[in-house]
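J.: Protein chains in written order, with numbering that gives the first Met the number 0: chain A, 0 to 322; chain B, 0 to 297; chain C, 0 to 540; chain D, 0 to 513.
To be clear, the hints were calculated from the coordinates, so they are not data collected in a lab. Just so you know, even glycine gets a beta-carbon here, dropped at the ideal spot from N, CA and C. Incorrect hints may have been included.
What the hints assert, rightly or not - Below, in silico cross-link-like pairs of lysine-lysine (DSSO-like), each with a Cα-Cα straight-line distance of 27 Å or less:
1) K262/D x K302/D
2) K428/D x K55/A
3) K55/A x K163/D
4) K192/D x K55/A
5) K256/D x K55/A
6) K511/C x K475/C
Stated by the list, open to error - Derived Cβ-Cβ restraints for the label pairs, each shown as a range:
7) T233/D x L116/A: 28 to 36 Å
8) L28/B x G72/C: 30 to 38 Å
9) G32/C x G123/B: 34 to 42 Å
10) S162/C x L116/A: 51 to 59 Å
11) R410/C x S127/A: 36 to 44 Å
12) H22/C x I44/B: 31 to 39 Å
13) A246/C x S127/A: 33 to 41 Å
14) G123/B x S287/C: 17 to 25 Å
Residue strings, one per chain:
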Amino acid sequence: MAGFIAQRLAKGVLVLAAIVVLNFFLIRLAPGDPAVVMAGEAGATDEIFVAQLRTKFALDQSLPSQLAAYLGSIATLDLGYSVRQQMPVATLIGERLPATLLLTGCAFLISIALGVLLGALAARRAGSLADTAITGLALLFYATPLFWVSLMAIILFSVRLEWLPSFGFETVGAGYTGLARAADIAQHLVLPALTLGLFFMAVYVRMTRASMLEVSRLDFVKTARAKGLTEGVIQRRHILRNALLPVVTLAGLQAGTLVGGAVLTETVFAWPGIGRLMYDALLQRDYNLLLGVFVVSSAMVLIFNLVTDVVYRAVDPRIEVAR
Amino acid sequence: MSRAIAMTDSPPAAPPAPARRRSPLAAILRHPGAVLGLVILAGAIGAALLAPVLYPASPWRMVQRPFIPPFTLDRVPLGTDALGRDIAAGLMHGAGVSLLVGLVSTLAALLIGVPLGALAGYLGGRVDDALMRFTELFQTVPSFALAIVLVAILQPSLGSMILAIALVSWPPVTRLVRGEVLSLRSREYVQAAVVTGQTTFTILRREVLPNTLSPIVVLASLMVATAILLESSLSFLGLGDPNRMSWGFMVGAGRTVIRQAWWITAFPGLAILLTVLALNLIGEGLNDALNPRLSRER
Amino acid sequence: MDQALTPPGVAVAVRDLRLALPHGGDRPNAVDGVSFDLLAGEILCLVGESGSGKSMCAHALMGLLPKAVTVAGGSIRLGQTDLLAQDAAGWRDTRGRRIAMVFQEPMTALNPLMRIGDQMAEMFEAHGLLTPRERRARAVALAREVGLPDPEGIVRAYPHQLSGGQRQRAMIAMALALEPAILVADEPTTALDVTTQAQILKLIRDLQRRRNMAVLFITHDFGVVTDIADRVLVLRQGRVVEEGPAAAVLGAPREAYTQALLAAVPAMNPPARPAPDGPKTIEVAGLSKTYVTGGGWWRAPRTVAAARDVSFALRRGETLGLVGESGSGKSSVARLVMRLIEPDLGTVRLGDTDLTRLNGEGLRQARSRIQMVFQDPFASLNPRRTVGQIITDGPVAHGVSRFDAMERAVRLLALVGLDARALERFPHEFSGGQRQRIGIARALALEPEVLVADEAVSALDVSVQAQVLTLLEDLKARFGLSMLFITHDLRVAAQICDRIAVMRRGEIVELKTAAELFANPEHPYTRDLLAAVPGRARDAA
Amino acid sequence: MFKTILTGVALTLAFAGTAPAQTPGGVANVVIQPEPPGLMLGLVQNAPAQTVAGNIYEGLLRYDFALKPLPGLAERWSVSEDGRTYTFNLAANATWHDGKPFTAEDVIFSVEFLRQTHPRARGNLAKVTGVTAPDAHTVVFTLSEPFGPFLGIFEVGSLPMVPKHIYAGTDYKTNPANNTPIGTGPYMFKEWKKGSYIRLVKNPNYHVAGKPYLDEVYWHVIPDAAARAVAFETGKVDILPGGSVENFDIPRLSQAKGVCSTKKGWEYFAPISWLWLNNRKGPTANKAFRQAVSYALDRDFAKDVIWNGLGKPAIGPIASSTRFFNPKLAKYSYDPAKAKALLKESGYKGETVRLLPMPYGETWQRWAEAVKQNLEDVGIKTELVSTDVAGWNQKTSDWDYDLAFTYVFQYGDPALGVARNYVSSQIVKGSPFNNVEGYANPAVDAGFAEGAATVDVAKRQAAYDAVQTTLIEDAPLAWLLELEFPTLTRCKVHDLITTSIGVNDGFRDAWIER
């Protein structure tokens with residue numbers, strides 16, 4: 000298992016390096032650069048000012064040497080310095096990462112728990128009214144624009160009903176500590192995690208349902224039935240467990256989309272995560288920061304994929320652990 | 000000729016599931032969800048086609064007072080937006096753009112994904128390895144983030160949006176096609192084609208790809224839906240084409256006034272929802288019709 | 000009447016069983032008025048070809064009919080109960096405790112994610128018996144009873160770590176757990192190699208004797224029937240054709256259908272054949288191929304030799320059989336000869352051409368000289384191309400005009416016994432045997448010198464199999480083909496082969512003329528194989 | 000010898016009379032949008048940075064709504080008769096947030112500092128030949144020639160005082176202190192949770208006795224406009240500085256109970272929006288075409304519908320709220336017929352012109368759509384080119400546009416904020432705020448030069464009138480609206496807007512009724 004993880008990590012590093020190089024050039028294709036942005040924001044500017052900024056951002060050097068410098072620092076796990084924000088990129092991302100991890104983590108848990116539960120229910124009663132209702136609901140969540148649901152949810156739950164806070168990570172200045180703070184953060188988390196989670200829930204509902212229907216046709220289910228097991232045990236122990244394997248695979252593949260979807264959610268809910276950081280960095284042409292976010296979020300996806308693979312291997316004895 | 004050869008098989012032993020291959024269209028029409036989907040989609044296409052007839056003027060024209068609620072003025076049945084533009088006109092004209100973006104970007108994604116997947120699956124070995132690494136690269140970068148960056152780089156326009164959506168949505172196609180081709184490659188009829196001396200290209204074209212068609216069609220129908228959602232999300236972030244009236248643009252533009260004028264956001268949002276829903280329903284119907292293995296129990 | 004008990008000695012009484020197929024099928028009822036008694040302490044074989052409804056009968060006994068199939072009438076009496084009239088709870092109680100079942104495919108009949116022992120223990124759990132600890136102990140005891148090696152270890156193993164035979168033993172152990180009075184075995188040995196089949200048949204026989212169970216044994220193989228049946232029930236198209244003691248039905252069948260079926264079973268004694276004396280058409284020398292795969296049974300990854308230094312030659316007009324069990328490498332050799340996989344070592348010479356040296360266009364051109372007939376009549380024809388296209392694609396690829404190729408296809412279709420109208424139709428419109436004929440026509444369309452038939456008749460019912468074998472023999476003679484015939488079925492090999500090579504673990508262990516091999520097997524493995532062929536008793540008789 | 004213009008006595012002006020008693024204490028929750036890149040005002044000058052850091056740093060002077068100087072760090076000031084020597088007497092008790100005293104040396108250092116880092120200060124200080132410190136609390140500026148608007152350049156965003164003891168001898172841009180700005184202002188920097196909030200706390204040693212009143216100021220970063228509005232409605236924040244919510248929300252929000260709004264506090268900036276018209280090439284190089292554009296624009300529609308009645312149509316280069324504006328010079332009104340006639344006269348052949356919207360939110364986007372429609376109505380084929388902030392800056396700086404939206408601050412005087420957009424010496428690539436349109440007219444150049452170098456107000460007025468007349472006729476660009484950005488607060492917040500830069504230095508006097 001350790002060998003497998005090491006091998007996957009090595010592969011991941013290669014993928015990351017490729018992502019860095021690709022995005023490095025991609026980002027620089029965009030019109031304007033950080034100096035231009037800052038000059039524009041200053042409300043007044045002249046050549047000296049822009050030249051100073053270019054020097055400051057090391058934009059006066061050639062592209063290959065900029066790339067070499069960046070790769071060099073990445074190799075030592077240094078994500079570089081955001082000249083615009085006057086801080087190391089690692090610090091900036093470090094401040095934001097927990098929020099994103101919390102949001103995507105909760106959204107993921109909600110989506111997979113609800114998705115599997117509802118999918119299993121629907122599959123068990125395939126063709127019934129409950130099935131139609133569940134698949135219909137899933138479709139609806141899947142088809143509704145994420146930002147639209149978010150806006151509607153804010154209006155309903157925050158403005159009209161005043162049940163939940165509409166934005167932010169916690170109540171600023173309330174000075175909560177310990178449990179009170181956790182409860183406060185949880186309150187803020189409900190809406191963004193739900194809206195993000197429900198979209199992906201739809202994906203898992205469909206997958207679980209289809210997978211369960213497929214597994215329920217396999218021979219060993221007949222064997223289980225021939226034992227005289229109750230339907231519940233058959234569904235849980237035999238069908239669901241096997242049906243979860245493709246769901247785990249799908250979860251791995253969805254990781255990238257999930258992190259991407261967080262950009263929108265974080266924007267609407269003012270969630271201080273790296274998705275928003277990325278969007279801001281993009282608008283400000285904060286190259287190092289943008290690259291850093293790409294590296295970190297891609298690394299998140301890779302790690303998540305690794306985890307799903309490990310889970311898959313742990314669940315499925317057929318995959319040789321030694322390999 | 001000997002007697003044994005002339006004799007056909009003993010009484011037609013239960014022909015293998017004769018019902019399997021009825022026409023896909025008939026199978027879809029048997030699927031109530033898919034029929035509903037087709038009806039909605041037909042409505043959207045109809046709106047797109049009729050828009051220049053029913054609303055020959057530009058949908059951007061400010062025709063009335065701003066913020067007229069729906070169902071109050073006959074001239075603007077769905078009300079007006081923040082600038083006094085006719086929402087009904089916007090919806091009709093927007094249908095075309097949304098469908099176009101969905102369709103063209105999906106086609107583009109297929110154009111990238113299918114050949115790559117076919118090559119990776121059929122040739123295997125190093126080619127497969129290299130192509131799959133490349134695919135992994137695109138699956139690892141958070142897709143929506145990449146789409147945003149691409150549109151920002153290329154500057155928002157219909158073309159850049161289509162390109163960006165295509166570039167982030169091809170990897171699943173490649174994976175699917177590769178998987179299908181991989182399993183088809185060892186099918187006996189493909190081996191038969193190899194053995195009878197047909198060229199690799201012919202084999203791919205004749206024996207392999209046509210048989211990957213049904214899952215691709217199903218995936219494509221879902222991809223069109225996702226592309227429409229992506230387009231609206233990009234527009235929501237202000238990365239839409241400012242010269243084209245699209246549903247995504249309308250939602251994005253209406254969101255600032257969502258509190259005082261729900262209809263500006265609600266109608267195009269509903270249009271997106273319905274269209275995406277329709278495409279998903281059709282996708283499910285297609286899936287049931289084309290991949291009977293996975294069809295729902297009835 | 001309804002409350003009537005089954006007569007003493009009768010374990011299950013099936014009366015006028017009628018199972019309805021969904022609309023649009025080829026016939027209204029899968030099973031149409033079948034009645035029989037299964038007596039305590041006997042093995043009753045339900046025999047029939049595919050589509051005869053034998054499996055449906057078995058599943059009806061367990062209440063495990065597919066959803067589309069409904070009971071249209073009749074009764075199945077077990078003691079006081081009419082099984083067909085009971086509710087879900089009743090069925091749950093019946094299954095496992097009163098009637099147990101063993102399925103055909105041991106590879107898929109076990110849950111891949113559960114340990115063997117846990118799956119056995121479930122049997123007790125399902126009926127609320129014993130404590131978890133006792134269940135585990137019983138699982139070990141059962142494993143021991145069915146002859147699984149290392150019972151303590153194997154109950155902790157997962158299904159994929161067991162061989163096919165071991166899995167079927169585990170299935171049987173499971174079925175026996177609650178000591179049911181009735182065991183339903185649905186083609187339990189069909190998926191197994193012949194030597195394993197012999198062992199499992201013996202196991203079932205032994206257990207049945209020991210426990211005095213009633214066994215309903217479903218099979219299509221008269222060899223197996225000969226070896227195991229006390230009584231036989233022959234089914235055709237959902238109706239009973241003939242019923243009687245095994246000796247009577249097999250020895251002196253009354254019905255024409257039974258007679259035809261029995262006649263179609265190839266005999267173990269090869270007919271006399273003239274020794275082929277044509278020139279060598281194909282020469283295989285030192286062919287080797289090694290695969291690296293993950294191991295089974297708690298072993299590290301290992302290498303599997305698909306072919307080890309395989310050499311043979313084939314003369315014009317000669318049929319060489321390659322026989323062996325699964326994994327013996329016989330199919331790999333066929334594919335190596337066809338250059339569908341690349342050999343590690345060795346040469347395949349076709350006349351004066353070395354196939355293994357050719358590549359690209361040269362190889363493509365040379366391919367027309369050696370053609371292949373595949374095993375699976377359903378997978379070997381592209382469902383999206385018409386029969387005409389399928390047959391003519393090859394010649395067209397070799398430069399024949401589509402028109403000429405079509406003319407040739409019409410002739411070939413006539414030759415394999417199909418109508419020219421077939422050209423415009425798609426494969427799914429044909430039966431398995433007809434498809435196999437189309438596959439043969441496709442191979443012949445290129446006018447090859449050598450035909451490689453890879454288990455070409457294995458998937459066919461016995462009567463169809465006989466026809467296709469006759470066709471192959473006839474075509475071989477007509478065109479002066481050499482044929483490499485790969486099969487696991489020694490009976491088939493005996494019928495069609497001039498010489499037979501027995502393969503084991505990638506090696507040819509014995510190669511001699513068919514008559515000599517059967518009369519005088521030298522290698523111990525060959526002897527084992529021959530001894531394991533079911534139904535030898537009938538051949539001897 | 001020296002004539003004292005004003006002494007720092009009458010601080011509270013008109014507000015003093017009506018205000019109930021100030022209560023110290025309390026916390027202000029304010030929206031800040033977008034998140035500033037930094038708070039070191041000497042290095043970062045974008046609008047949100049000024050809004051926040053204007054309460055951390057101070058300039059020598061502040062300005063009332065009529066742009067008259069008020070005491071800041073300088074308590075008194077005087078100007079010599081020849082208009083070339085300015086003397087400032089500094090607050091004696093002012094200290095930096097780290098406790099070090101604020102002295103004349105800091106002023107001299109700040110001038111040097113800003114000449115290196117602050118492009119606008121560099122321009123404003125161009126005529127300063129010497130800065131000396133006769134004693135620790137007196138500073139004397141010597142000018143090479145008279146400069147009419149000189150007393151107007153000491154606002155905190157234009158000439159913030161930076162601490163010498165922290166920056167002297169260091170690399171300004173990488174000094175770690177940039178992350179923990181130290182000023183002399185009423186609030187001290189405490190904490191910055193990036194993406195969430197910036198927290199300022201009361202400076203207990205502030206040099207004006209009794210001030211400030213509030214204990215803490217939280218600046219909340221909320222990127223989505225609708226979410227900002229919701230935050231205000233739900234009481235999460237109490238203050239929406241001008242421009243922080245979309246205009247469409249303003250009527251609803253300001254009509255809510257307990258909400259007060261004011262348009263004051265923008266006089267110093269007096270932003271005017273216009274369309275850059277590329278005078279170099281394409282149809283826009285033609286004067287008649289440019290005039291046609293100006294006639295085609297429905298400014299009242301923009302004001303009423305897009306800006307919800309805020310602002311007023313701009314008729315020329317100088318904003319009506321600043322000095323030297325002349326209302327009699329108006330020329331352009333919404334007149335599509337005249338626009339069509341001029342278009343014909345210009346020989347326009349239906350080429351597509353590219354219109355660059357301002358990437359600053361929905362209002363600007365809507366406005367661009369409306370303008371596009373205006374132009375198409377008179378027959379000008381228009382294509383919107385969407386872009387983000389960087390792209391917009393790049394394109395306007397590189398003159399890669401036909402028409403482009405912008406808005407520009409006036410900084411209180413035509414010499415400071417107007418001339419740069421019209422004089423030929425400012426035709427320099429690389430800045431989006433100079434003479435981007437490429438208009439060159441020696442008469443205009445001369446007129447602006449005269450206006451700047453003159454101290455006499457009447458003479459300046461004459462010079463600027465001439466300039467305005469010429470510019471309006473030549474229509475180098477199409478003026479749109481003088482913008483207004485009302486500040487919304489809960490009514491319990493008092494005295495927030497007391498100067499012409501509003502919230503930017505407003506928390507000095509603000510207090511919350513409890």
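J.: Should the hint that H22/C and I44/B are 31 to 39 Å apart at their CB atoms be regarded as holding?
T.: Because 35 Å falls inside the window, the suggested range holds.
J.: Taken at face value, is the distance from the CA of K55/A to the CA of K256/D at most 27 Å?
T.: The hint is violated at about 49 Å.
J.: Please check whether G123/B and S287/C have a Cβ separation lying inside 17 to 25 Å.
T.: 21 Å Cβ-Cβ, so the 17 to 25 Å window holds.
J.: Has the given pair, K262/D with K302/D, been kept, meaning a C-alpha gap of at most 27 Å?
T.: The hint holds at about 15 Å.
J.: Regarding T233/D and L116/A, is the given constraint of 28 to 36 Å on their beta-carbon distance met?
T.: holds, 33 Å
J.: Should the hint that G32/C and G123/B are 34 to 42 Å apart at their CB atoms be regarded as holding?
T.: violated, 54 Å
J.: Do the Cβ positions of S162/C and L116/A conform to the proposed distance bound of 51 to 59 Å?
T.: violated, 38 Å
J.: Take the C-beta atom of R410/C and the C-beta atom of S127/A, compute their distance, and say whether it sits inside 36 to 44 Å.
T.: violated, 57 Å
J.: Do the alpha carbons of K192/D and K55/A lie within 27 Å of each other, as the hint requires?
T.: Holds. K192/D to K55/A sits at ~24 Å (cutoff 27 Å).
J.: Starting from K511/C, check that the Cα of K475/C is at most 27 Å away, please.
T.: Holds. K511/C to K475/C sits at ~20 Å (cutoff 27 Å).
J.: Within 33 to 41 Å: is that where the Cβ-Cβ distance between A246/C and S127/A falls?
T.: violated, 53 Å
J.: Would the hint linking K55/A and K163/D be met if the CA-CA limit is 27 Å?
T.: Distance of about 22 Å is within 27 Å: holds.
When held up to the earlier numbered hints, the structure conflicts with 5, 9, 10, 11, 13 and fits the remainder.
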